[in-house]
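Protein chains in written order, with our numbering: chain V, 1140 to 1424; chain W, 5 to 756.
Hints listed in this document are in silico derivations from the structure and should not be mistaken for laboratory results.
Owing to the predicted nature of the structure, the values given are computational and were not obtained by experimental measurement.
Heads up, the beta-carbon is just placed ideally off N, CA and C, and yes, glycines get one too.
Please note that the accuracy of each hint is not assured.
[Claimed, not checked] Have a look at the derived ranges for each label pair, beta carbon to beta carbon:
1. V:Val-1182 with W:His-466: 34 to 42 Å
2. W:Leu-199 with V:Ala-1389: 29 to 37 Å
3. W:Glu-188 with V:Ala-1343: 53 to 61 Å
4. V:Leu-1319 with W:Glu-188: 37 to 45 Å
5. W:Glu-742 with V:Ala-1389: 54 to 62 Å
6. W:Ala-53 with V:Glu-1331: 49 to 57 Å
7. W:Glu-106 with V:Glu-1331: 52 to 60 Å
8. W:Ala-131 with V:Gly-1163: 35 to 43 Å
9. V:Ala-1389 with W:Glu-425: 26 to 34 Å
10. V:Asp-1395 with W:Glu-411: 40 to 48 Å
11. V:Val-1182 with W:Glu-237: 34 to 42 Å
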Amino acid sequence: MSASELSLVRPASLAEAVAQVENGARALAGGTDLVPLLRDGLVRADTLVDVRAALPRGIQGTRIGAGTTLADLERSEEVPRALREACRLAASPQLRNMGTIGGNLRQATRCWYWRLGFPCFLHGGDRCHARAGEHREHAIFGNERCASAHPSDPAAALLALCATVETDRRAIPIVELFRLPTDDERDVVALEPGELILSLDVPAPDASVYLKAMDRRRFAFALVGVAAARFGGEVRLGLAGVAPIPWLLAGPEGLDEATPLPGTAYKVQIARALLGRALDAVAPG
Amino acid sequence: MARLIRTEKEVEGKYTEQWIVVEEDSLDQWPEGPQTTVGRPAARVTGPARARGEAEYTADVQLPGMLHTAVLRSPHGHARVTRLELGPALEAPGVRGVLTPEECEHLTSEPGYPGEPVAAVAADTFAQAEAALARIDVDWEIVEPRLDPDDAVRREELIGEPQRYERGDADRGLAEADVVVEAEYRTQTVLHNALETHQSVCVWEGGRLTVYTSTQFIWGVRAEVAEHFGIPEDRVRVVCRYMGGGFGAKTTPGEYTYIAAQLARKTGRPVRCALTRREENLASGNRHATIQRLVAGAREDGTLTALGGEFTMAVGWDGFQSSTAGPMQMLYACDNVRTVEYGAKLNTGPNAAFRAPGFVEGTFGLECLLDELAAKLGLDPLELRRRNYADSDLVDDRPFSSKNLLECYRRAEPHWGRRDEVRARSEGPWRRGVGLASQIWYGAGGPPSYAWVRVGSDGRAHVITGGQDIGTGTTTALAQIAAEELGLPLDRVEISIGDSDRGPYASISAGSSTTPSLGPAVRAAAADVARQIVEVAAQRHDLEERVLSLRDGNVVSADGGSWGLEEITGLFDDAQIIGKGSRGPNPTGMRVLTFGVQVAEVAVDVETGEIRVERIAAIHDIGRVINPLGASSQVEGGIIQGLGHTLSEQRLLDPESGAVLTQTLDAYKLPTIADVPEIVTELLDIPDPHLTNLGAKGLGEPPIIPTAAAIANAIRDATGADVRSLPITREEMLRALEEARERERAVAGSAG
Ligand SMILES: Cc1cc2nc3c(=O)[nH]c(=O)nc-3n(C[C@H](O)[C@H](O)[C@H](O)COP(=O)(O)OP(=O)(O)OC[C@H]3O[C@@H](n4cnc5c(N)ncnc54)[C@H](O)[C@@H]3O)c2cc1C
Ligand code: SF4
């Protein structure tokens, strides 16, 4: 699709934006993920609705507007450490200045087969090319149908932090925002067509942390990302880069249930080490 | 007097004989050490223009009516085009012309790798050309791709003949060894990813073709393009004023130049053909992967008795075998050496020279093997290298023109001596260690290369040569050389480069040859001018020439007289003093090589496999250093590129289709600035007394050569793990750590 066939609308109010994100339209926030996907023909749309002016932006207590950029979040003292760190360790400064937290939760997989347009399961086909092919960056959990690794660092942190997602229609716990793809539903994000994320409610933990293993020091998606948040005596763990969706782990023993592929077994080992460190970091005292 | 000589030409280890005509080179080398301008740090003369965006790269060339090209490339590893219908594309909006395999030999209907060009469309805009591409009707018959290099060698599907080399008797050497080590090393395919993609803009004007192109060799492009179109070379003008990197992959015109030139002829318009980043990573060359099965034997005292290697190179559909066995043949004084190299023909993109092709890969294997040997012998790795020091070249049985590797080793000692302190800083899961590796490479440059220098009545000098600055700082170094010879401050020297119509022939910028090839010609041309100025000044002031010299922009006489240069040249109004110079021959019967050693300090997190390179000291012997600032930035660039090769870069293929999965820079992981360690550069700066009027060798390639092995050896020092495969990703690091633990358990088991 060439850019000239796209129209762009800039609603000033939320009500207008909600009305305009309908069939064939797509919400555009920072555009850091959507624009390349449109250019590559992986996402189709006839109208882009620039929601930036309409979306809530900023941090108020436990409430984070969906239009808040990752750069805003990493700098805010009000934001729990796990989320701040997840944002700081994501992407590059330029991308974090543009990319919003709402868009980050909705970002598409980085699986190279999917990004190159292979007709794989997640694209509606009947096989996963990565399972038999090159999959060193892929999943160790939930990978039977699609072995992709969810790219969002903040999502793992929000999972550990027990965040709630508020949309123009409802409030849902973040665990329910994501689902493994099935034969009937390939989209891993459980939003209805046109549904907009408006804000997040992120409870303040007693302690939280995010640790990330990458192929280089900065500017790489997580091979494994581990978020831990302690609320009183309870610790919640959220992982990035290990399953097609951000992965909630009941405890370190959960790693024994991993189903790595031949090329991803090393991720279990990294996850084990990072989990240990994350638990130490949030331990009381 | 013009002198006709037959001389040897060397480019990256390939020698050919050629006739050349040279002027007598009567200049003595300057004394060792910094001169007034040469040998002192100079900021890039092109820096401000580059920083301000004024520098015109090929990507910036905009000509009136210029068309843009999109290229139909094979999506398959191996295929035959059974139907190709370009009609619908020709009717698409903005399209002005198309090109088929029948019309252009650089397009094919039997593509042998993903990304091989099949057809091309030229349109008013790139978006229109791309849209038209989608309208081309094409049917492919898919052939199963061949992707396994060992398998290709077994089937004898080779590029070139196997290269065999033997000196002495390797079997006997191994039999005589007290200790033998054997190991298999692997290196991956890496992609050049120059900032500026491969591209050309071509325009025909009255039977003359002008090619604006991002190239390392404007004269090579001129010759090949002229031959292709059957026109005299002087009807082709090739321009490359600024360049965004080549790293070896831009030495020939490339399909894009032929496609642009042919579409330009067909449409009567200027045509640009520029690769996108994805095309760049499919079809513009790569450093081919290698499998190296190596063996070394030594006596207890460390004397090498034998070295042997079987090298398989995954060359691809086309390209050349780079000399991976070179370091094993050349680096050490071992009497018994046997190597064989196979180039596997595969359905992958052709390789292209990439910064010290072969030697980067071969040095990783050899220098890791040496450290494994040192460990087994219980010898200090630096000492092992000293004990096998080669005083003369054993491959061609020649003396070196100059070799100061022992001095490099001596200068490495303080860095190597940090080992205990570095190791002692290990804490928690982080283990620290130090490793080193040596470097050997070419870098002599050679004739022919020419330069002109003119000085006008304003007393400013203008250097003109048809070389190119591929981003290495050539223009600055050449300006410094002219300034030195003319006794002028650097800001009174102008330099024009990169246009075959506006300067004499100059060498390719490959094989670390630009400075050693062009530099002596520039000095000779400047000396020609200096001589004339002295002659004129002597006549004007009634003095003997021998009492006059040029200094600080003045003509000075031994008795204290001093005249501004412009006072002398100002006599002539619009007249100019013109000098010309040529590159003299390399010393006959000698091996001209560069040497060095790097010492790396690393930290390894043994629980997560994370590797941090914390410091690299680079000590290289490259003859005289013209610009220490430019030189250190070459060293830093080489080390950073080497770091990517060592830790994170790899071209990944789908094992079924051969598709390249890492076409974009999010998937293909170049190092970022956060990965860059402290880099300490020490250049010996000892002129090669036998090499030209400068004694300067090249430095583009040496710094990338030992980096991988130094890092891998530091990892062994830190953790006891043998990493034998590049890149050393988390999985490779964790695998090697597990292997080391198993080995320890086995030893403990047998001891208990
Ligand atoms: C090179 C690169 C590296 C990256 N590295 C990382 C990394 O290491 N870690 C990481 O976590 N992320 C990484 N990212 C992802 C990046 O953080 C996201 O692209 C960014 O946060 C998306 O936000 P955006 O505002 O630009 O979204 P857009 O690109 O505008 O939109 C993305 C998607 O979200 C939808 N959308 C946007 N806003 C809303 C909303 N309010 N409600 C519902 N749907 C919405 C859009 O319709 C679209 O489908 C990387 C991205 C790139 C390009
Ligand atoms: S991992 Fe998922 S996205 Fe990737 S090829 Fe398999 S199905 Fe497609």
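| Taking the beta carbons of Glu-106 (chain W) and Glu-1331 (chain V), is their distance inside 52 to 60 Å? | Since Glu-106 (chain W) and Glu-1331 (chain V) have Cβ atoms about 54 Å apart, the given range 52 to 60 Å holds.
| Range hint 29 to 37 Å (beta carbons of Leu-199 (chain W) and Ala-1389 (chain V)) holds or violated | 47 Å, violated
| query | Is it true that Val-1182 (chain V) and Glu-237 (chain W) lie within 34 to 42 Å of each other by Cβ? | reply | 50 Å, violated
| message | The hint says 53 to 61 Å between Glu-188 (chain W) and Ala-1343 (chain V); measuring C-beta to C-beta, is that right? | response | 54 Å, holds
| query | Taking the CB of Leu-1319 (chain V) and the CB of Glu-188 (chain W), does the distance hold inside 37 to 45 Å? | reply | About 40 Å separates the Cβ atoms of Leu-1319 (chain V) and Glu-188 (chain W), which means 37 to 45 Å holds.
| query | Between Val-1182 (chain V) and His-466 (chain W), is the Cβ distance one that fits in 34 to 42 Å? | reply | 55 Å, violated
| task | Could you see if the CB distance from Ala-1389 (chain V) to Glu-425 (chain W) stays within 26 to 34 Å? | result | With a Cβ separation near 45 Å, Ala-1389 (chain V) and Glu-425 (chain W) fall outside 26 to 34 Å, so the hint is violated.
| said: I want to verify a distance hint. Is the separation of the beta carbons of Ala-131 (chain W) and Gly-1163 (chain V) within 35 to 43 Å? | reply: 22 Å, violated
| query | At the C-beta level, are Glu-742 (chain W) and Ala-1389 (chain V) separated by a distance inside 54 to 62 Å? | reply | 27 Å, violated
| query | Cβ-Cβ distance between Asp-1395 (chain V) and Glu-411 (chain W): within 40 to 48 Å? | reply | Since the Cβ atoms of Asp-1395 (chain V) and Glu-411 (chain W) sit about 57 Å apart, the hinted range of 40 to 48 Å is violated.
| message | For the hint 49 to 57 Å, verify it against the beta carbon of Ala-53 (chain W) and that of Glu-1331 (chain V). | response | 55 Å, holds
Checked against the numbered hints given earlier, the structure breaks hints 1, 2, 5, 8, 9, 10, 11 and satisfies all the rest.
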